Amino acid sequence: MTGLVGTVALATSLPASAAEPDLPDDARVDAFDGSTLGADWTVVNPVPEALAVSGGALRLTSQPGDTYQDANSAKNVVLMDVPAGDFTVVTRLEAPVASVYQGAGLIAWQDMDNYVRSGLTFVGSLSPSGRAIENDVETGGVFSAAAFTDRPASTGETLRMQRTGDTIATSYWDGAAWQPAGSVTVDFPTTQVGLYALAAQNGAAHTAAFDYVALQTAEGADQVPDGPFTLAGPGDARYLVATDDGLALDDERPATTVALDATAVDGAEGTSPVTLAVDDRPVVVSDASRLSLGAAGDDATALRLTDAGGGKVWLRDSADPERYAGVRASDGALVLGPRDSATKLTITPATSADHEITVDLAGERTEMSDELYGIFYEDINYAADGGLYAELVRNRSFEFNHQDNGSFTGLTAWSAANRGGATATTQVVNDAGRLNATNRNYLNLTTTAAGAGVRNAGYNTGLFVEEGESYDFSVWARSATAQTVTVRVEDNAGTTAYATGQVAVDGSNAWKKYDVALTATGTTNAGRLALLSGAAGTLALDQVSLFPQDTWVGPVNGPSVLRKDLAEKIDALDPQFLRFPGGCVTNVGTFRTYEESGFTDRRRTYQWKETIGPVEERATNWNFWGYNQSYGIGYLEYFLFAEDLGATPLPVVSVGANGCGSTIPEMKDPAQIQRWVDDTVDLIEFANGDVTTEWGAVRAGLGHPEPFGLKYIGLGNEENTKTFEANFPAFRDAIAAAYPDIQIISNSGPDDTGQRFDELWEFNREQDVDLVDEHYYNDPQWFLENDERYDSYDREGPHVFLGEYASRGNTFANALAEASFMTGLERNSDVVRLASYAPLLANESYVQWSPDAIWFDNDESWGSVNYYVQQLFSANAGDEVVPSTHSGPAPADATLDGGVFLSTWNTAAQYDNVRVTDNASGDVLFADDFESGASQWEPQTGTWAAQDGAYVQSATNVTDARSIVAGAYAKDWSSYTLELDARKTSGAEGFLVGFAAGGPNDYYWWNLGGWNNTRQALQRASGGSANEVKAVENHSIEVGQPYHVKVVVEGSTIELYLDGELQMSYEQPSTKSLYQVVTRDDDTGDVVVKVVNPTATAARTQVHVEGAEGIASEATVTEMVGAPSDTNTKADPERVVPVERTLTGVGEEFSYEFPAHSITFVRLHASDAAPELDLAVEASPRCLAGKAYVAVRATNGEDVPVSVTLSTPFGQKAFAGVAPGKSAYQSFTARATSAPAAVATATGTATLDGEQVTSTVDVAYDALDCG
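Counting with mature numbering (1 follows the signal peptide of the UniProt record, and there is no 0), you get residues -18 to -1, 1 to 1249 for the letters of the sequence shown.
I should point out that these hints are in silico values taken from the structure, not numbers from a laboratory.
From a predicted model like this one, the values you see are computed outputs, not experimental measurements.
Treat the hints with care, since some could be wrong.
What the hints assert, rightly or not - Result set (PhoX-like, lysine-lysine): computed pairs, CA atoms no more than 20 Å apart in a straight line:
no.	residue 1	residue 2
1	K650	K693
2	K1028	K1012
3	K551	K1112
4	K546	K1028
Stated by the list, open to error - Just the calculated beta-carbon pair ranges, DEER-fashion:
no.	residue 1	residue 2	range
5	T478	G643	44 to 54 Å
6	T877	S1007	15 to 25 Å
7	A876	G595	48 to 58 Å
8	N400	T463	14 to 24 Å
9	T877	E1116	33 to 43 Å
10	Q830	P921	25 to 35 Å
11	G252	Q830	47 to 57 Å
12	T167	Y1048	26 to 36 Å
We put the CB at the ideal spot given by N, CA and C, even for glycine.
All chains should be built: construct the whole structure from the sequences, respecting the hints.
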């Protein structure tokens, strides 16, 4: 086991080298001389197969991913905790870099959005040699490359990173002395330092070998918490509990948080001991060294809470500081002992506030949509190929092309395999010898002898095969030489086989499909599929496939082409609809078919007819998200999947207008529009037509004669140009004429507000559409402030389909914000009929969009915390919204405060006469006329200078070229007026005037002349990029024209004036201290109180249930509780998941503490449910003399007589007083030769315990044909 040891001199712990520097005094050194990382290390986003400790080094094979801004996808970031304060860390690494942004080195961070990173990186044109020590800093998610120190031909470096105060400096060792390589100032604490290795921008990996890490830190300072707090432990045993025997850590949350109060007491110099108490009971140390609660009045034991790094503390004895609190394995007790048995703890505030929730069961209820929660599936993040589609072979038909992705070729993922002296040559061919017209390419494999061949690398780290499982291999092949081709799943070296089979290719030189089943004899997630020739010569190959036999089995359609674990996670969401195939995949591209383009157009809009039929005949295509789509999951597979999920299919088709930022020419040719209209009508016939229709027959020919029951169709995805309005009516009218029962869903563009949003809504009302599809991806704060968004929507207008939404992150804070918003969706589900989180899936190695619901690699999958929120709401949707009210602390103060800044976007401009005035007093808070320079400003990006009495930003190629008032982010200015003069000198857009700025990603700005100088907008950033909150269309900024800009901030209200004219006003909404909605489930009679507490304060809540006929004393509680930063990861996939438990003492009045940062569903059960009669009912269709009959029998299982009435569509029959154990029987004639499937009903009435009880039992029976 390798690990940090005590103070070790370099000469005794590391290979001696005169060229290496002396290490810092008192440094702890890890020489990586074991076989695993020591306990002091943690790994963020671990990829175990790409991390090894061997040969006296830590070796990281770099993986795709980055820490850059909101990417937050870097793998194997290896860290150790450091206490707040100064530190020095040194490492020696060997890491040859050759591709752009390959890099490895040191990192010091608070989290993925606040860090300093310095390492040897291939930076291309950013340094003279292309190789440099790149020094980067990211604060609040805003990245800056601070310095590039050119290192020609370097393959390794000795690096040092030092923090002194707020400065973190990087140096490299030149063999004689330390040389500077960048210095940055940071305003965040450093909680961890460590090592990283990042793959190139194109995914190319390299290996970084770290010889050692030496770390010297200051002693952690003692903490004295201010206010009530609790202590959280690591792992599952995270909750502090108080038992009769003492304090402990447990995996089950206590009903009430154990809140500690700390009181500072005297101690040794340099220490800050405290005593702790829970209410009036002090924390004492028992004779057995256990931390316990003493009696009121007992003397508390003096303890210390010492910064242990990583945001954690040691709890230790003040009198004997070598005794640390650790967790006893047997019972979780906190006991004092040596440091090597200690447990790092996290201080968490434990404040609480009083709330009330009143549920009015007698009030008027709102019927909920029975299809509220569904899923949106789009092939993004390799969600299909390399994801839900279970195919293991990448680029199986050699159709990859540089038009799909600049790095793609027909041989992507393929390589020649030379074996035993035999060599192979591979060539992708596009000629008349192809398999078919739509599958243009095939591979010519030429070998000098038997044994050579070709290999496929699959996805992620390679093919995953599992010992004992079987896999179906198939290939289309032709050769003039008869031969036996060996098929192997092998390791990367080609020396170990995990599965082997053979196919005999005849010598006819005609295309034929060959297949064989392989059974794995071992397990690997890094396999390679090898096809090895059986003779010298040329072998043509196409459509090479390896499919697991153990795919998802649908309850209706049986075995599928879907990867089992991913389909199971989707199924567990219990979706009521499936929206497909996109998304931007749906509506971005050209509009010819592959055949119409002469089989050359690889950027076609998704066309459903190209995605059905044999997979080898499906036309390959470019994917909007930068890769290739094989259409292995096509329209038939989507319909089958929806049917198996029990979900309503909801396809979306383009109407020929642009969206998603596309500039591809739109569809305006009438003949082409008509063809697309016809194809859309054909799609409905394919889904619903009987087998006598043209496309119903096609569906039947594909193995599904039964209709799919399509009832929705989406027209357009974020298509917000005027072409949308021009084309839409033709589609709508054709569908309404042919299929009047189909509900038409239109769209409102990609934003949640703005003039274009309003225009599209008005257009959709005029078109009398059924639903309008809204999409928005906003910061968590927006979701917390907008749970009442739909309260004011017109109940008579089109309903809402919230087709895509997410809060830009996969932390529990994001999930809390989404859950808070979803209470509003449920409260308004008479308007919001459908809602789906997006995106659904992400392969961790191929991410184009984050956050996502379900993450996966080639052999594992895990649900994000957001996924479990969706599952929780879907499983508890309810049938009615029950009126309820909440009272508690006032909404959070929405007063806007912060400093100001100036910026531009790809534009040069000059600013002058900047003045900030307090609205109430008239005092000038800030003023600058730039006559004496610009010393009051701090440029962040761009090129700024005071020139001729103005402040000039001269760069025209910088986005957000920002300069802030010195210390702007720390200003507490509120209720003020900002005025300035502005003039555009050149460039694409206009001015960005920032205010209420509390950080780089926490501000408002007035964007004047944005969107290529076409409009102005008020935008807000709250932890991420700026989102539009209000806009004025058709507005531009003229070059050379002076403008006077005025921003008035009063409390939470903003007014924006340009040259004295009011342009916009806006009031920022408030957040709530608690979010709640109550629903009722018709089937069970349960009432579900759904409460989201996104705050750091526990909510002690009194619940009143009015109008109830009786509430059972036990309720079922399902809750999610965690820290805002908690994230489910591959290494910790269930960090925060729903936990169910039983709550007792419930009634029409009860109290409950909703924890800080929690989502809680309290399911109240009705008491004394009405008794049911024991009636066993059977219904059997049968033929007698060529006529159809339905025989119904009801057997009395009670011990008293029961009067029974039997009913079918063909009549009913009553039986009085059927004795116990006896039956009522009747055979009903259909008076025809056939009877359709239907339901028979038995209604029984009897007296039980003096009360009359009536029960009804329905039994379905199958159709019958006696003809």
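Hint check:
1. K650 with K693: violated (28 Å)
2. K1028 with K1012: holds (17 Å)
3. K551 with K1112: Within the cut-off at roughly 15 Å; holds.
4. K546 with K1028: Violated, at roughly 59 Å.
5. T478 with G643: 44 to 54 Å: holds (47 Å)
6. T877 with S1007: 15 to 25 Å: Hint holds: Cβ distance 23 Å, inside 15 to 25 Å.
7. A876 with G595: 48 to 58 Å: Cβ of A876 to Cβ of G595: about 57 Å, so the range 48 to 58 Å holds.
8. N400 with T463: 14 to 24 Å: With a Cβ separation near 19 Å, N400 and T463 satisfy 14 to 24 Å, so the hint holds.
9. T877 with E1116: 33 to 43 Å: Between T877 and E1116, where Cβ atoms are some 39 Å apart, the hint holds.
10. Q830 with P921: 25 to 35 Å: The hint (25 to 35 Å, Cβ to Cβ) holds, given that Q830 and P921 are roughly 33 Å apart.
11. G252 with Q830: 47 to 57 Å: holds (52 Å)
12. T167 with Y1048: 26 to 36 Å: Check passed, 34 Å falls within 26 to 36 Å.
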